[in-house]
Amino acid sequence: MTVRTRFAPSPTGFLHIGGARTALYCWLESRRRGGEFVLRIEDTDRERSTDAAVQAILDAMQWLGLNHDEGPFYQTQRLDRYRQVADELVAAGKAYYAYESKDEIDAMREAAMARGEKPRYNGYYRDRHEPLRDDPNRVIRFRNPNEGSVVFEDKVKGRIEWSNSELDDLVIFRSDGWPTYNFAVVVDDIDMGITEVIRGDDHVNNTPRQINIYQALGARVPEFAHLPMILDKEGKKLSKRTSAVSVMEYREDGLLPHALLNYLVRLGWSHGDQEIFSREQMIALFDIADVNKAASRFDTEKLAWLNQHYLKTDEPQSLVAEFEWHLHRAGIDVAAGPAPIDVIVALRDRVHTLKEMAERAKIWYGPILEWDEKAVAKHLKNDSAAAVLGETKSLLADCAWNPEAIHQVVEQVAAKLALGMGKIAQPLRVAMTGTQVSPSIDHTIYLAGRDEALRRIDAAIALIQGRLSP
RNA sequence: GCUCCCUUCGUCUAGUGGCCCAGGACACUGCCCUCUCAAGGCGGGAACACGAGUUCGAGUCUCGUAGGGAGCACCA
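Mapped onto my numbering, the consecutive letters of the first sequence carry residue numbers 1 to 470.
It should be emphasised that the hints constitute simulated quantities derived from the structure, not laboratory data. One or more of the hints may lead you astray.
Stated by the list, open to error - In silico BS3-like cross-links for lysine-lysine, where the CA-CA straight-line distance does not exceed 30 Å: (1) K293 - K312; (2) K378 - K393; (3) K155 - K236; (4) K355 - K381; (5) K118 - K94; (6) K155 - K118.
Owing to the predicted nature of the structure, the values given are computational and were not obtained by experimental measurement.
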């Protein structure tokens with residue numbers, strides 16, 4: 001039997017980090033086992049679901065490269081099917097109509113709480129067999145077994161047993177004519193042939209009642225795997241206030257999709273001491289059964305380290321498209337400066353993110369906007385600096401234009417003036433960037449382009465002369 | 001309140017009764033390298049929640065305790 005997994009978000013917001021990991025694990029499990037991955041949009045909550053959220057989720061999945069084989073299916077388009085299955089259940093005596101108002105249910109719940117009991121439906125209509133009647137409060141409730149217990153072997157949590165006496169007759173069809181979550185998922189997972197239900201562990205409590213519905217429907221019960229939560233740095237629930245939660249926010253922050261995936265796959269799962277996983281390795285090695293039981297905290301520093309790792313080791317050409325996306329976002333005109341790939345090579349082991357890279361690249365795509373006072377005071381101050389700039393300029397005027405040739409030029413200047421590299425590179429660096437920090441001096445000059453490099457040297461010489469004779 | 005779940009360095013984790021006075025990674029930190037910043041190399045500190053029990057032997061098995069979390073909807 002082919003393994004089929006599904007990711008079933010409800011479109012009430014963007015794809016968040018926890019959802020992304022669930023999607024990744026579902027995707028990996030299906031890929032490793034040669035199965036299929038289904039995407040389903042659980043939009044029966046018509047109050048909170050939006051088309052924009054659907055699109056945001058689709059976009060994020062695509063950016064991450066988590067491709068699905070079937071779907072997206074929409075629950076709102078399957079209403080007739082849910083209705084049909086619910087009717088069958090009623091006809092078979094496995095579900096029944098109930099007519100309590102929401103207020104009555106609330107009162108029932110409060111009374112139970114007051115008695116120190118778990119709030120449950122009291123089963124008033126369970127065995128009354130009242131004839132069907134129209135009523136604004138009419139719902140369909142599932143006739144849950146009240147004897148025995150439900151046992152399942154969770155692939156992550158292990159054996160879980162639940163006494164049926166803990167479960168009540170849940171509503172499967174609301175008075176507004178829409179199915180509830182617990183019913184719709186079961187019908188969908190059966191219809192879509194899902195063999196492995198992988199989802200967040202906030203659903204473990206729902207699993208026993210869902211299993212009872214599977215059984216009432218005579219369907220094969222799938223395997224379950226409940227993933228622990230992802231917490232923020234403080235160990236609290238991830239929230240917009242304390243951390244980035246949206247996958248696309250990480251893109252905006254300059255993360256590579258593969259770095260995020262690598263981080264996520266290691267959060268709650270491991271393979272010995274290995275930290276770096278290519279897509280292919282993840283697929284080959286990941287096993288849902290090896291996932292940890294405990295919640296884990298999201299550590300942006302480790303993510304940043306992984307991101308830099310990929311910046312350093314990926315083929316630079318493969319980073320160009322994503323980097324250009326960031327250049328545009330930073331308001332940079334790519335045509336006004338060096339080839340992005342050269343910038344990537346110069347900056348990739350100096351930054352953790354593409355956003356930072358784009359920020360730092362600005363000096364090569366436009367004029368120096370401000371001079372760092374300290375840098376100027378320290379390195380553009382005397383005849384030595386002027387001599388360095390003058391010498392460099394003349395040699396730069398007609399050398400070959402690549403980092404290696406420029407490196408030769410700098411060394412020649414050092415030899416000629418009998419100065420250490422520090423005395424050569426720093427004045428040039430300030431001249432090129434207005435600051436004391438930049439990539440190696442040869443790359444820094446190279447990226448400026450010959451004409452602009454010469455212009456900046458002239459400007460720096462003028463600055464020195466201005467300072468020497470105000 | 002009730003039910004269920006969880007607990008190894010600050011963080012992510014390895015560990016399936018002896019190979020563990022607990023290994024790797026991020027972070028932190030010392031030194032080296034060095035044209036700045038990085039990157040890199042070599043080191044360092046840092047954990048089995050607690051208590052009983054089983055066993056020749058427990059991070060690993062059992063039971064309690066403590067702490068944390070989730071759920072208890074006509075929301076998913």
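Structure-based check of all given hints:
no.: 1; hint: K293 - K312; in the structure: violated, 33 Å
no.: 2; hint: K378 - K393; in the structure: holds, 20 Å
no.: 3; hint: K155 - K236; in the structure: holds, 25 Å
no.: 4; hint: K355 - K381; in the structure: violated, 34 Å
no.: 5; hint: K118 - K94; in the structure: holds, 23 Å
no.: 6; hint: K155 - K118; in the structure: holds, 28 Å
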